[in-house]
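> Given next are the chains, with one letter for each unit.
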Amino acid sequence: MIENLLMWIENTAVAVFMRENATAFPLVESIHVLALTLVVGTIGMVDLRLLGVSARNHAITKLTTEILPITWVCFGVAAISGLLLFSSKAVDYGHNFFFLGKMLLIVVAAVNMMVFELITYRSVKNWDSETPTPFAAKLAGGLSLAFWISVVVFGRWIGFTIGGAF
Amino acid sequence: MLQSLHAFTEWVANTPLSLLIQNVSWVIPAFQSVHILAICVVMGSVALIDLRLLGVTGRSQSISSMVNRLVPAVWVALVILFLSGSVLAIGEPVRSLENPAFHAKMLMLLCVGALTFFFQHMLRGDVAFWELSPARRATAKLAAVVSLLLWVGIIFAGRWIAYTEAGFGN
Chain A
0 MIENLLMWIE
10 NTAVAVFMRE
20 NATAFPLVES
30 IHVLALTLVV
40 GTIGMVDLRL
50 LGVSARNHAI
60 TKLTTEILPI
70 TWVCFGVAAI
80 SGLLLFSSKA
90 VDYGHNFFFL
100 GKMLLIVVAA
110 VNMMVFELIT
120 YRSVKNWDSE
130 TPTPFAAKLA
140 GGLSLAFWIS
150 VVVFGRWIGF
160 TIGGAF
Chain B
0 MLQSLHAFTE
10 WVANTPLSLL
20 IQNVSWVIPA
30 FQSVHILAIC
40 VVMGSVALID
50 LRLLGVTGRS
60 QSISSMVNRL
70 VPAVWVALVI
80 LFLSGSVLAI
90 GEPVRSLENP
100 AFHAKMLMLL
110 CVGALTFFFQ
120 HMLRGDVAFW
130 ELSPARRATA
140 KLAAVVSLLL
150 WVGIIFAGRW
160 IAYTEAGFGN
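Residue numbers (numbering that gives the first Met the number 0), protein chains in the order written: chain A, 0 to 165; chain B, 0 to 169.
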């Protein structure tokens, strides 16, 4: 079932183009790298603020409203470019430990963010400009930082375990 | 010139350190990961500063406070980039040092480094330097666009190192 889906993805016109055009893959990969560095770079700033490490004189709500829209746009770009890269060798990626691990890590990072947003962040008014931040906020920031760093490391390892240029 | 560079890369490729990096399979991906994480620090900071200069976001903070908060992190990240990049270049000297994409990357890096240094230097003398006149505000915006373009170019060139025919041949 999943095998058939991977095969089908790999045989779509877009996937064939990504595989056969010499410029398509490096171009989309560069866009992917650009987008992901912006995702991790911006989310990392919010995480460090939650940990109480940096930007301590800036209110958390101000930081999140100014920074996170950029993060979301870049995440969209990273997801779309990533899907294009994946399509080119869907079967190989679908069986690659680091690719599967990376996807799992992104899901876990998303769950961490949702838990923070739905529970911890509801009381943000009480600790918006405070340091040290509450333990729950520190935990969310620390976990987020660890998950996203792992996403980058796993992502880089895909290139070394799947063949092709790295 | 090209020949002496080639002789140099050949020499580097045969040093014990290079051989070690070549023979331990996790070294290159590990240092590439560190390299990319440092680029995350640079790109996140540079994007916020440049978007602030362009008036897109972050208007609750002054330009100088943002520059003073973020640029030091960029310089630290650049040191990490230089060190991790050196390990990668020592491990694969022909692939990098004899690669036109690598040369383009270094050239753009020099340009953006000089631009950032100059921009920060002017702020050091006067925190409102880039906001004092319409001409200076326009210059700051131009600098922001150029800086963003150069960093995007650096990332593209960096990735292209993997896809460019390297080596001057014999």
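No lab work stands behind these hints: they were computed from the structure.
Hints are supplied without guarantee of correctness; some may be wrong.
[Said to hold, decoys possible] So the derived label-pair ranges between C-beta atoms look like this:
#1 A:159 <-> B:148: 41 to 49 Å
#2 A:114 <-> B:132: 48 to 56 Å
#3 A:121 <-> B:74: 31 to 39 Å
#4 A:141 <-> B:7: 39 to 47 Å
#5 A:58 <-> B:15: 36 to 44 Å
Small disclaimer: the values here were computed from a predicted structure and weren't measured.
Heads up, the beta-carbon is just placed ideally off N, CA and C, and yes, glycines get one too.
> Identify every previously stated hint that the structure contradicts and give their numbers, smallest first.
Hints 1 and 5 are the ones this structure does not satisfy, whereas the remaining hints hold.
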